[in-house]
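Participant: Sequence:
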Amino acid sequence: MRLHDALDQIAEIRQQVGRAVVYRGLRSSSVAVSAALAWAGAAAQPWLVPDPMLSMRRYLTLWFVVAVGSVLAAAWAMVQRARLSGSKLEREQALEVVERLSPVLGAGAWLTVVLALWAREQVWMLPGLWAVLFGLGVLSMRRMLPRPMMAVGMWYLASGLACLAWAQGAWALSSVAMASTFGIGQALAAGVLFWTLERPASEHAHD
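Residue 1 is where the sequence shown starts when you use the numbering used here, and the numbers rise one by one after that.
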């Protein structure tokens with residue numbers, strides 16, 4: 001039993017250390033791709049979906065493609081980082097990121113399905129709800145990310161609430177709401193990751 005208890009304590013210590021160490025698997029380049037996709041989606045929406053409330057399927061398809069592209073870009077960066085580092089701690093951190101974000105992404109997906117199928121008159125709330133959920137996901141990783149990323153999480157919360165307050169009526173499902181929320185938010189996140197995690201390393205390499 002003592003050996004078993006010791007192993008449990010070691011595992012717990014490793015878990016605590018993993019939570020205290022900043023995760024470096026999220027790269028500014030992959031987050032910048034996500035920002036570019038958000039801006040591209042917002043630019044394409046007026047052409048592809050002139051009236052989102054009358055073309056709900058097209059609207060949801062457009063932003064589903066953007067979301068999948070963003071997730072794949074981040075996942076690719078995380079997998080590459082874990083594979084190249086060969087660190088067990090790196091893999092454990094990557095899995096924790098997935099565990100923390102999966103409920104948020106799942107809730108956003110199911111919320112979309114429920115509103116689209118059974119509460120279409122409330123679909124205008126989706127951009128705001130997506131932003132609020134994503135902001136909560138970022139804040140849930142506050143111990144794993146650089147401190148300035150908390151400002152990004154707060155940006156998503158504030159932007160989501162602003163969308164719920166004003167992006168309705170004629171502005172419902174507006175491409176401006178998505179660009180100003182996710183386009184700017186992901187660009188801010190990419191800047192924070194580069195400035196706090198990547199820029200110091202590159203400067204050190206030149207010294």
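You may find that some hints are simply not true.
Derived DEER-like restraints, expressed as beta-carbon distance ranges [unchecked claim]:
no.	residue 1	residue 2	range
1	D51	K88	48 to 56 Å
2	V98	L54	20 to 28 Å
3	W76	W171	30 to 38 Å
4	A165	M53	14 to 22 Å
5	E99	A158	36 to 44 Å
6	W195	L95	36 to 44 Å
7	V71	W166	24 to 32 Å
8	E99	A172	30 to 38 Å
Don't read these hints as lab results, they were simulated from the structure. As the structure is a prediction and not an experimental result, all values here were calculated from the model. Built from N, CA and C at the ideal position, the CB exists for glycine as well.
Participant: Taking the hints in turn, state whether each one holds.
Facilitator: A quick look at each hint next to the structure:
1. Judged by the Cβ atoms, the range 48 to 56 Å given for D51 and K88 holds: they are separated by roughly 52 Å.
2. Separated by about 37 Å at the C-beta atoms, V98 and L54 break the suggested range of 20 to 28 Å.
3. With their beta carbons about 34 Å apart, W76 and W171 fall inside the hinted range of 30 to 38 Å.
4. Range check, A165 to M53: Cβ separation about 19 Å, and the 14 to 22 Å hint holds.
5. For the pair E99 and A158, the beta carbons lie near 26 Å from each other, so the given range of 36 to 44 Å is not met.
6. Checked against the hint of 36 to 44 Å, the C-beta distance between W195 and L95 comes to roughly 26 Å, which is inconsistent with it.
7. Distance hint check: the CB atoms of V71 and W166 are about 28 Å apart, consistent with the given range 24 to 32 Å.
8. A C-beta distance of roughly 34 Å is found between E99 and A172, which places it inside the suggested range of 30 to 38 Å.
Violation of the numbered hints given earlier is confined to hints 2, 5 and 6; the remaining hints are satisfied by the structure.
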